[in-house]
Amino acid sequence: MKRLFRLLCSFSFLWLGIPSANSRPHDLLVVGMELGYPPFEMADSKGEPSGISVDLAHALAEFLQRPIQILNLPFDGLIPSLKTGKIDLILSSMTATPERARAIDFSEPYLQTGLCLLVPRHSPIQSVPELNSPKHTVAVKQGTTGHLYVLKNLPSAQMLVLDRESACVLEVVQGKAAAFVYDQMSVLKHWQQNPETTRPLLDPFQKESWAIGLRKNDKALREQVNTFLRSFREKGGFQQLGQRWLPEQKALFEKLGVPFVF
Amino acid sequence: MQTTQRHGLSFLRTRPGETPSRSALTLSATLAALLLVAFIAIPMHRSGIQWDFSGLREYWRLYVEGWKTTLAISAAALALSTVLGLLLALAKGSPWLPIQFLARTLIELLRGTPFLAQIYLFFYILAHSVHLENRYLAGTLILSLFSSAYLAEILRAGIESVSPSQIESAQALGFTPAQTYRHVLLPQALRSILPPLAGQFVSLIKDSSLLSIIGLNELTQNAKNVASYTFSNFESYFLLAAGYLLLTLPIALGTRWLEKKIRYEN
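Residue numbers (this note's numbering), protein chains in the order written: chain A, 1 to 262; chain V, 263 to 528.
Calculated from the structure, these hints are not laboratory results. Fair warning: there could be bad hints in the mix.
Partial chain A-side listing against chain V, Cβ under 7 Å, derived [stated by the list, open to error]: (1) Gly143; (2) Leu162; (3) Asp163.
Lysine to aspartate or glutamate pairs mimicking EDC-like chemistry, simulated, CA-CA at most 16 Å apart [claimed, not checked]: (4) A/Lys176 <-> V/Asp314; (5) V/Lys354 <-> V/Glu415; (6) A/Lys135 <-> V/Glu327; (7) A/Lys86 <-> A/Asp27; (8) A/Lys235 <-> A/Glu62; (9) A/Lys216 <-> A/Asp88; (10) A/Lys83 <-> V/Asp314; (11) A/Lys219 <-> A/Glu108; (12) A/Lys86 <-> A/Asp76; (13) A/Lys83 <-> A/Asp218; (14) A/Lys152 <-> V/Glu320; (15) A/Lys83 <-> A/Glu99.
Note that the Cβ used here is the ideal one computed from N, Cα and C, for glycine as well.
All chains should be built: construct the whole structure from the sequences, respecting the hints.
Okay, here's the thing in structure tokens:
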């Protein structure tokens with residue numbers, strides 16, 4: 001009996017004795033993003049992170065003079081990872097919402113966009129309220145602001161929650177869903193890729209701004225990030241990013257008379 | 263020297279044909295429970311996460327609805343995949359070569375490719391082309407098909423485990439092939455295939471969670487939705503795990519009971 005007890009004790013000490021797995025250099029800046037949202041967050045042909053957010057992250061690291069590591073995480077895993085210290089900040093086209101602000105802090109916004117609709121090409125839908133009926137299926141990507149918008153504002157519609165953006169688009173292309181609720185730039189891109197089967201309704205019905213997510217009470221880093229964003233904007237960094245990654249969209253926005261996102 | 267002296271912890275060891283004492287059973291169960299709790303509670307505590315289930319209360323209905331949907335899909339797929347699996351197993355053993363090859367190809371395709379890819383391709387290409395737009399029906403169908411390939415292999419192995427002389431005896435007694443399967447092969451095969459069969463059924467229930475990628479509002483999908491509404495990912499997944507255990511444990515216990523019953527009958 002005694003031996004057993006001792007055995008048990010040694011077990012529990014074993015557990016408590018494991019040091020927390022934190023052996024990275026202390027000034028490493030770990031940035032979390034989901035590399036599934038081109039051209040903001042994506043992987044190049046070698047599998048390396050690339051895109052607007054990646055460029056922005058590197059500019060930030062350079063500004064802070066810290067080494068950087070980019071972690072590819074699923075979008076709905078970003079906030080939990082930030083909260084548990086696996087990453088230092090989120091730079092993943094994340095809209096600063098009041099709900100999220102309860103869990104994490106946000107920097108000043110760096111981009112303005114809005115929710116709009118992608119509908120089948122020959123659909124009679126002209127505006128969002130028309131979708132609020134049980135005969136309409138509305139596709140949303142899980143965990144996005146579009147998801148929360150439909151949950152709150154279109155209670156009568158059949159909400160179809162999908163993991164992948166591409167599946168949401170496919171639902172509209174195949175006419176299974178009456179609309180896909182997403183941000184302006186993505187809707188524009190999907191319409192360009194599927195001009196035969198889809199049609200965009202670009203007028204935003206909910207304005208949104210994207211910001212960098214930070215751990216609650218990480219005030220020092222938040223200040224640094226805000227300083228960086230201001231100086232980056234003044235130096236015309238965002239203009240350059242827009243020119244480099246989104247030239248077509250920029251031109252289309254101008255043609256349609258909708259203000260561009262940066 | 264027949265009465266071996268026992269001391270220390272040796273009373274916790276079972277010996278064939280001997281029922282362990284009540285105190286040994288109680289102590290062992292307590293020990294296992296303690297260790298399990300320690301292995302769960304200590305990391306939970308050390309993670310530094312503030313566990314708070316109160317945010318989930320508002321969405322309890324989503325959990326119940328999702329659980330019921332998972333139960334319905336799994337039950338339907340379980341029945342259908344058993345039938346399909348048996349057909350595939352019989353087809354694989356068929357004396358007709360085309361049937362045999364067809365079954366083999368189907369089994370290898372279903373077992374050798376990721377279920378995720380199968381769901382996507384089945385729903386957006388195959389089902390779409392035949393105007394099968396009901397995603398619940400399509401999901402149940404592809405889950406049944408996927409699982410039937412594994413069941414076919416399990417059933418086939420069970421059937422082959424019965425000695426060929428039994429089939430010859432059945433033939434000698436004038437049994438038709440159908441009668442041979444029904445009265446000679448299957449009852450004997452059942453004994454050896456029960457454990458892998460139960461494992462496959464448990465897998466089927468868990469695999470149903472992948473159907474969330476085509477938007478079925480089953481337990482995993484609803485739990486993930488609640489997580490994105492409340493940002494309580496850990497709490498939400500905790501409940502999710504409990505929900506699946508509630509479905510899989512009865513299968514494990516039921517098979518154990520069935521195994522015992524068959525053993526007594528023989």
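Taking the hints in turn, this is what the structure says about them:
Because the closest C-beta pair between A/Gly143 and chain V is about 4 Å apart, less than 7 Å, the hint holds. Annotation: A/Leu162 was flagged as interfacial toward chain V, and the flag holds, the nearest CB pair being 5 Å apart, inside 7 Å. Residue-level restraint check for A/Asp163 holds (minimum Cβ-Cβ distance to chain V is 5 Å; threshold 7 Å). As the CA atoms of A/Lys176 and V/Asp314 are separated by approximately 38 Å, the hinted pair breaks the 16 Å bound.
A C-alpha spacing of about 9 Å is found between V/Lys354 and V/Glu415, which places the hinted pair at or below 16 Å, so the restraint holds. The suggested pairing of A/Lys135 with V/Glu327 is violated, with an alpha-carbon distance near 21 Å, which exceeds 16 Å. About 14 Å separates the Cα atoms of A/Lys86 and A/Asp27, which keeps this hinted pair within 16 Å; it holds. Only pairs whose Cα atoms come within 16 Å are accepted, and A/Lys235 paired with A/Glu62 is accepted, the gap being roughly 15 Å.
Proposed proximity of A/Lys216 and A/Asp88 is supported: the alpha carbons are some 11 Å apart, at most 16 Å. For a cut-off of 16 Å, the pair hint linking A/Lys83 to V/Asp314 stands: about 14 Å separates their Cα positions. Using a Cα cut-off of 16 Å, the hinted pair A/Lys219 and A/Glu108 holds, with the two alpha carbons roughly 13 Å apart. Straight-line distance between C-alpha atoms of A/Lys86 and A/Asp76 comes to about 14 Å, which keeps the hinted pair within the 16 Å bound.
Among the hinted pairs, A/Lys83 with A/Asp218 is consistent with the structure: their alpha-carbon atoms are about 11 Å apart, no more than 16 Å. Annotation: proposed proximity of A/Lys152 to V/Glu320 holds, straight-line Cα distance about 14 Å (limit 16 Å). About 15 Å separates the Cα atoms of A/Lys83 and A/Glu99, which keeps this hinted pair within 16 Å; it holds.
Violated hints, listed in ascending order, are 4 and 6; each of the other numbered hints is respected by the structure.
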